[in-house]
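If you read the protein sequences in the order shown, they are chains A and B.
Residue 250 in my numbering sits at position 80 of the first sequence, with consecutive numbering throughout.
Residue 104 in my numbering sits at position 102 of the second sequence, with consecutive numbering throughout.
Hints are computed from structural coordinates only; laboratory data are not their basis.
One or more of the hints may lead you astray.
Under 7 Å between C-beta atoms, here's a sample of chain B residues computed to sit facing chain A [said to hold, decoys possible]:
id	residue
1	Asp142
2	Lys186
3	Ser190
4	Leu191
5	Ala194
6	Arg196
7	Leu198
8	Gly199
9	Ala200
10	Thr201
C-beta atoms are modelled at their ideal positions from N, C-alpha and C, and glycine is treated no differently.
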Amino acid sequence: MVIFIALFLHFDMKQKYTNAKRIWYTLAYKKYRRVKRMNDDVILRLDKIEKSFGTNKVLNGIDLTIKRGEFITLLGPSGCGKTTTLRIIAGLETPDGGRVLLEGKDVTDEEPNKRNVNTVFQSYALFPHMTVEGNIGYSLRLKRVDKAVIRKAVDEALELVQLSGFGKRMPHELSGGQRQRVAIARAIVNHPKVLLLDEPLGALDLQLRHQMQIELKRLQTRLGITFVYITHDQEEALNMSDRIAVMRDGTFEQVGTPTEVYDRPKTSYVANFVGSANILTGIVGSTAGGLVEFSNPCGAMLAKADGGNYAPGREITVAVRREYIDLVPEDAAEGGAGKGLAAVVREKRFAGGVLQIIAMLADGSEVVASRHGIDSPLRTGDKVTVTWAPENAVIVDSEGAE
Amino acid sequence: MSGSTRVSRKKKGAGLSLLSVMPLYVFTLLFVLGPLVYLVVLSFLEREEVWGVVNRFTIKNYLSIFEPIYLKTFYESVKLALVSTSLVAIIGYPFGYFMAKLNAVWRKRMMMLLMVPFWISSLIRLYGWIIIFRANGTLDWILMGIGITDAPLKLLYTYPAVAVGMVYALLPFMIFSVYSSAEKLDWSLVEAARDLGATRWQAFRTISLKLTLPGLLSGVVLTFIPSMGLFFIADILGGNKVVLVGNIIQEQLMKAHNWPFAAALSVVLMILTSLMIRMYRLITRVKDLEGLV
Chain A
171 MVIFIALFLH FDMKQKYTNA KRIWYTLAYK KYRRVKRMND DVILRLDKIE
221 KSFGTNKVLN GIDLTIKRGE FITLLGPSGC GKTTTLRIIA GLETPDGGRV
271 LLEGKDVTDE EPNKRNVNTV FQSYALFPHM TVEGNIGYSL RLKRVDKAVI
321 RKAVDEALEL VQLSGFGKRM PHELSGGQRQ RVAIARAIVN HPKVLLLDEP
371 LGALDLQLRH QMQIELKRLQ TRLGITFVYI THDQEEALNM SDRIAVMRDG
421 TFEQVGTPTE VYDRPKTSYV ANFVGSANIL TGIVGSTAGG LVEFSNPCGA
471 MLAKADGGNY APGREITVAV RREYIDLVPE DAAEGGAGKG LAAVVREKRF
521 AGGVLQIIAM LADGSEVVAS RHGIDSPLRT GDKVTVTWAP ENAVIVDSEG
571 AE
Chain B
3 MSGSTRVSRK KKGAGLSLLS VMPLYVFTLL FVLGPLVYLV VLSFLEREEV
53 WGVVNRFTIK NYLSIFEPIY LKTFYESVKL ALVSTSLVAI IGYPFGYFMA
103 KLNAVWRKRM MMLLMVPFWI SSLIRLYGWI IIFRANGTLD WILMGIGITD
153 APLKLLYTYP AVAVGMVYAL LPFMIFSVYS SAEKLDWSLV EAARDLGATR
203 WQAFRTISLK LTLPGLLSGV VLTFIPSMGL FFIADILGGN KVVLVGNIIQ
253 EQLMKAHNWP FAAALSVVLM ILTSLMIRMY RLITRVKDLE GLV
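Whenever a hint applies, use it, and build me the whole structure from the sequences.
Rendered as structure tokens:
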């Protein structure tokens with residue numbers, strides 16, 4: 171009898187244990203799927219998008235893949251096609267060629283109201299005849315959501331952008347920064363899959379802009395919404411983004427993380443546009459130990475090869491950040507091959523806690539070195555040698571030039 | 003010391019500015035308020051047997067307006083004004099709205115096309131409508147030619163002919179008024195609405211229409227008031243079959259020489275139209291407050 175009960179208990183426990191194990195596995199798998207989705211899931215894909223206005227070609231077949239929950243910034247000067255790209259994603263513009271895929275679904279010809287994508291416009295575009303509440307609740311009212319639910323959602327959105335209690339005001343009674351917040355609240359109240367922001371901080375003053383950068387980034391992390399952000403301000407892009415797509419004349423020059431774009435620019439354009447670098451050219455002399463020695467009429471220096479294969483005699487372009495440049499007084503310089511370019515200090519400029527020393531090379535081109543603090547033993551007219559640590563010199567523009 | 007000089011300077015300035023706007027007041031008093039007072043006074047006086055006015059107070063003029071024939075005329079006038087205003091709004095609003103959406107070149111061309119008719123006297127243009135409407139006129143010729151009708155419609159000197167004339171004469175005012183408010187419309191608001199999930203129609207209804215409503219309403223006022231008084235349209239296209247308040251006033255003044263009665267009719271017409279304006283104002287203000295989808 172006892173044995174019987176023991177046996178029964180044994181099987182019962184085993185059954186329960188297996189069940190528990192199964193449940194645990196399912197949960198673990200679900201969690202794995204969720205994490206995988208967070209990491210790998212492509213939410214938006216642009217496939218060879220082309221667009222012209224009249225004879226003016228604005229986008230030259232751009233490709234871009236955006237992951238779920240990512241903060242991606244399109245960075246470029248005005249007229250590079252970044253706003254057009256955004257408008258095509260929103261559906262406010264139809265591309266001449268290519269496809270827009272939202273969660274794998276082709277939405278190229280979908281009306282803007284059919285896409286679960288919302289925009290924060292550069293001009294904010296708040297409805298002047300509606301209160302702040304009316305503006306924020308607009309998309310929900312269109313969906314005929316219950317009034318109490320709308321009120322709750324609007325209150326939550328207002329709290330998110332720190333404007334609680336402003337609901338009854340009209341847009342013209344708000345300051346620029348407050349309007350900005352209302353525009354953001356209006357765009358996120360509907361939980362869009364992708365939020366598009368067209369230079370949202372462009373009209374704000376510097377201090378407010380820094381504050382809003384931090385707030386926007388926090389908001390994005392908290393909501394987990396994919397942000398596609400447009401700016402021409404490289405600092406903003408470097409501060410906030412998971413990835414940056416540097417645009418120029420309707421194409422992407424480079425797409426990568428802020429570190430990649432800053433430390434390993436692929437082209438001289440990127441090197442210059444993101445954190446202005448010094449661009450130098452020279453002829454390859456020798457390659458050894460992952461370093462390339464190159465020379466020009468002003469002298470010889472080393473650059474990082476970064477896996478590339480550079481035959482002697484080939485012309486290369488090298489980018490070196492201002493803060494990596496060393497200016498050594500001539501009498502203190504050690505001689506030898508690959509040990510610097512000769513230059514003369516021409517000007518010293520102090521701005522924003524950074525001292526910029528501009529030196530002119532023998533061939534007339536300029537090199538800018540930056541230092542923290544105002545102190546420097548160098549004087550205008552001093553003869554110096556321009557040097558840098560080899561790992562800080564990046565060879566650019568090498569693609570397609572082989 | 004310095005305070006007193008400031009005050010005196012201020013007074014001097016005020017005096018100067020008063021002097022500079024004086025002509026405006028004088029002009030308004032002389033040519034707007036004066037005639038108006040005269041009109042009201044006149045409406046309470048008695049008429050002389052054949053010609054002129056007797057300075058004796060009476061309210062007989064106002065009482066006779068309540069005779070059925072005159073009441074009917076008022077009713078007919080308001081009805082025609084309502085019909086033609088609605089027609090003008092239905093045609094003019096889309097016209098003005100889409101004109102604002104055209105590019106600059108086409109906008110200019112449309113504007114030109116709208117302005118050209120104004121270079122010709124409106125009377126002459128109305129005579130043009132006689133040619134179109136009369137029996138066996140242009141309209142009949144076309145309709146019978148296509149085979150829609152077998153016999154002449156005899157549209158001239160009917161109510162529809164007068165309504166068409168009114169619409170024709172007043173349409174530009176509506177178009178311009180709607181156009182000027184649609185032109186100021188920020189189209190990025192419509193894009194924002196579409197982006198937030200509005201269909202084309204919803205975006206129009208909740209954004210474009212709401213924001214161009216002032217233009218539409220001022221167009222309505224600009225159409226409604228003249229259409230009560232444009233007697234010559236009723237005269238030319240309505241013969242003596244369509245009689246409006248404007249016609250009676252003109253008749254009493256020019257033919258019957260009953261100036262007091264004409265004045266009384268004018269005063270009533272004026273009160274009626276100002277009531278209408280007040281009503282429109284109320285409607286627009288309520289709309290503004292109510293707002294939203």
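> Against chain A, is Ala194/B within 7 Å by beta-carbon distance?
Replying inline: 4 Å, holds
> Can the hint on Leu198/B be confirmed by a CB-to-CB distance to chain A that is less than 7 Å?
Replying inline: Interface hint status for Leu198/B: holds (4 Å vs cutoff 7 Å).
> When the nearest CB of chain A is found for Asp142/B, is that gap smaller than 7 Å?
Replying inline: Since the shortest Cβ distance to chain A is 47 Å, the answer is violated.
> For the hint on Ser190/B, does the least C-beta distance to chain A fall short of 7 Å?
Replying inline: 5 Å, holds
> Given Leu191/B was flagged as interface, is its beta-carbon under 7 Å from a beta-carbon of chain A?
Replying inline: 5 Å, holds
> Once the shortest beta carbon distance from Arg196/B to chain A is found, is it less than 7 Å?
Replying inline: Since the shortest Cβ distance to chain A is 5 Å, the answer is holds.
> Hint check: is the beta carbon of Thr201/B less than 7 Å from a beta carbon of chain A?
Replying inline: At about 6 Å, which falls below the 7 Å cut-off, the nearest Cβ of chain A leaves the hint on Thr201/B intact, so it holds.
> When the nearest CB of chain A is found for Gly199/B, is that gap smaller than 7 Å?
Replying inline: 5 Å, holds
>> Take the shortest C-beta to C-beta distance between Lys186/B and chain A; is it under 7 Å?
In response: Cβ of Lys186/B sits 11 Å from chain A, so the hint is violated.
> Would the hint on Ala200/B stand, with a C-beta cut-off of 7 Å toward chain A?
Replying inline: Result: holds, 5 Å to nearest chain A Cβ.
Hint compliance for this structure: hints 1, 2 are not met, and every other hint is.
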